[in-house]
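Q: Sequence:
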Amino acid sequence: MKKSVRRNLRQAGTAASAVLFTVFLIYTGLAGDGIDWKYHIQERIFDQAQQMYLPVLSWVNRTPEKGIGEWIREKALAWIPLVSYAEDHAAYDSSLEDEETLARILEAQANDENVVDENGNLIGEPDESETDAAAVTPAVDTSIEKLRDFEYLLGNFYTVDSSTMIDSDQLNADDLLGRSMKIDTGTDGPKVLIYHTHSQEEFADSTPGDTSTSIVGVGEYLTQLLNEKGIETIHDTGVYDIIDGKLDRSNAYEYAGEAVEKILAENPTVEVLIDLHRDGVAEGTHLVTEINGKPTAKIMFFNGLSRSRTNGNIDYLPNPYIQDNLAFSLQMQIDAENKYPGFVRHIYLRAYRYNLHLMPKSLLVEAGAQTNTVEEMMNAMEVLSEMLEDVLVGE
Numbered sequence: 439m440k441k442s443v444r445r446n447l448r449q450a451g452t453a454a455s456a457v458l459f460t461v462f463l464i465y466t467g468l469a470g471d472g473i474d475w476k477y478h479i480q481e482r483i484f485d486q487a488q489q490m491y492l493p494v495l496s497w498v499n500r501t502p503e504k505g506i507g508e509w510i511r512e513k514a515l516a517w518i519p520l521v522s523y524a525e526d527h528a529a530y531d532s533s534l535e536d537e538e539t540l541a542r543i544l545e546a547q548a549n550d551e552n553v554v555d556e557n558g559n560l561i562g563e564p565d566e567s568e569t570d571a572a573a574v575t576p577a578v579d580t581s582i583e584k585l586r587d588f589e590y591l592l593g594n595f596y597t598v599d600s601s602t603m604i605d606s607d608q609l610n611a612d613d614l615l616g617r618s619m620k621i622d623t624g625t626d627g628p629k630v631l632i633y634h635t636h637s638q639e640e641f642a643d644s645t646p647g648d649t650s651t652s653i654v655g656v657g658e659y660l661t662q663l664l665n666e667k668g669i670e671t672i673h674d675t676g677v678y679d680i681i682d683g684k685l686d687r688s689n690a691y692e693y694a695g696e697a698v699e700k701i702l703a704e705n706p707t708v709e710v711l712i713d714l715h716r717d718g719v720a721e722g723t724h725l726v727t728e729i730n731g732k733p734t735a736k737i738m739f740f741n742g743l744s745r746s747r748t749n750g751n752i753d754y755l756p757n758p759y760i761q762d763n764l765a766f767s768l769q770m771q772i773d774a775e776n777k778y779p780g781f782v783r784h785i786y787l788r789a790y791r792y793n794l795h796l797m798p799k800s801l802l803v804e805a806g807a808q809t810n811t812v813e814e815m816m817n818a819m820e821v822l823s824e825m826l827e828d829v830l831v832g833e
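For the sequence shown, my numbering assigns the number 439 to the initial residue and increments by one for each residue that follows.
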C-alpha cells in the first residue's frame, strides 16, 4: 500500500510539473506577441474545436504563416491532454505487476458470477441479459457453413462480458469442432470428476441445511446418472466457500483448485472436470423450459479467457487449455441446440480463469438459478447427462 501511495504522489508531482511548464510556455508565447491573453485563449479553444469537428473548414481558414509565439502556444496546448493520457496509462500498467493487483484480480474472479451476502442472498441489481434469458430460444442453424461465419457464431452462441474480448482466431468453428472430446473407455477408473466451488448455493424450495436439496445434491444426482450410463464418475462434496462458519467466497476458487489437484493426483484416469454451480438472477426471472414433458431448469456454460479487454492476457492466471475449454462448451452447446432447443442459454465468456486450466476437458456449468425448484434442477441433470454422453462417448 505504501508503495502505491508513493507511486501516486510521484505521478501527481510529475503531472503538476508538466502543467506548470505548459502554463509557462503559453504565457511566454502570448506575452511575446503582446496581445490580450484571455481573448487569445478563447480564440485558441474555438480553433481547436473547429479543427477536431470541422477539419475542412479549418483547412480553408488556416493562416499561411505563423510566428514563434503561435507555434509555442499550439505545442503547449497540444501537450496538455498528452500529459493526462500518459500519466493515467503509466499508473495502470505499472500497477499490474504488484501483489495488490493480483489480489484484486482473484477477488473479482471469486465474486463476479453472482455476489451474495453472508446469508446467501443476492446483492445488487442483475444484468438485463439475465432477465432476457428467461425467454425460450428458438432453434438455430448449426451447420458448419453457418458456424464458420464468426459474427453468426458469436451472435447466436455467445455472450461476451464487457471485461473481455474474443476474436475469430479463438472462435474458429473448424478448430473447436475438430478437437476430440472423447474419453478413453478402454481403461478402468473414474473418467469424470464433479465438484462445487460454491457448495452453499440453494434453490427456491431447498431445505436449509439439507445438502440433498442444494447444488451438492444436484451434483450427486448427475454423478448417479453418469455412472448408470457407464461413465465412471466421482463427486467431490468438499466445502470451499465457508470460512470460520460464514459464507466467504474470496478464496473459494483457490481452495477448490488445490483440492481438485489432489483428487486428480489420486485418480489419474480422470479426464473431465465439471464445476457445477447455479446462477443468480432477478427474483422475477425463472430460467425454465419444458423437455420430455417435464419442467426443466435452463443451463449455461461459462468460459474464462484469462484475458482483460484493457490489458490483454492476464499473466497471473495462465491457462494453456483455453481452446480445449472453448471446444468442450461449444460441442455441448451444439448438441443441446440440435436435440433440446431452448435448454441452453448462450455461453458466457469472461476475463478470468475459474480453474478451467486444470484439465483440457474442463466445464463450468451454471445450472438454473435461485428461483428454480429442486425438481427443475434434477430434471436438468437428466438432460445434461444425455448431452455429456453424446459428447464424451457418442458416435
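Do not rely on the hints blindly, as some may be mistaken.
Calculated pairs, PhoX-like style, for lysine-lysine (alpha carbon to alpha carbon, straight line, at most 25 Å) [unchecked claim]: (1) Lys667 - Lys584; (2) Lys732 - Lys700; (3) Lys732 - Lys620; (4) Lys667 - Lys732; (5) Lys777 - Lys684; (6) Lys667 - Lys620; (7) Lys584 - Lys777.
Restraint ranges, calculated between C-beta atoms of paired labels, are given here [claimed, not checked]: (8) Thr675 - Ser606: 34 to 42 Å; (9) Gln662 - Pro733: 16 to 24 Å; (10) Arg586 - Glu833: 29 to 37 Å; (11) Pro756 - Ile701: 15 to 23 Å; (12) Asp643 - Thr707: 35 to 43 Å; (13) Arg617 - Ser581: 32 to 40 Å; (14) Gly624 - Phe588: 35 to 43 Å; (15) Lys667 - Pro733: 32 to 40 Å; (16) Lys667 - Pro706: 36 to 44 Å.
No lab work stands behind these hints: they were computed from the structure. Ideal Cβ placement from N, Cα and C applies to all residues, glycine included.
Q: For each hint, tell me whether it holds in the structure or not.
A: Verification of the supplied hints:
| no. | hint | result |
| --- | --- | --- |
| 1 | Lys667 - Lys584 | 33 Å, violated |
| 2 | Lys732 - Lys700 | 38 Å, violated |
| 3 | Lys732 - Lys620 | 29 Å, violated |
| 4 | Lys667 - Lys732 | 21 Å, holds |
| 5 | Lys777 - Lys684 | 41 Å, violated |
| 6 | Lys667 - Lys620 | 15 Å, holds |
| 7 | Lys584 - Lys777 | 18 Å, holds |
| 8 | Thr675 - Ser606: 34 to 42 Å | 41 Å, holds |
| 9 | Gln662 - Pro733: 16 to 24 Å | 20 Å, holds |
| 10 | Arg586 - Glu833: 29 to 37 Å | 23 Å, violated |
| 11 | Pro756 - Ile701: 15 to 23 Å | 21 Å, holds |
| 12 | Asp643 - Thr707: 35 to 43 Å | 37 Å, holds |
| 13 | Arg617 - Ser581: 32 to 40 Å | 19 Å, violated |
| 14 | Gly624 - Phe588: 35 to 43 Å | 37 Å, holds |
| 15 | Lys667 - Pro733: 32 to 40 Å | 23 Å, violated |
| 16 | Lys667 - Pro706: 36 to 44 Å | 22 Å, violated |
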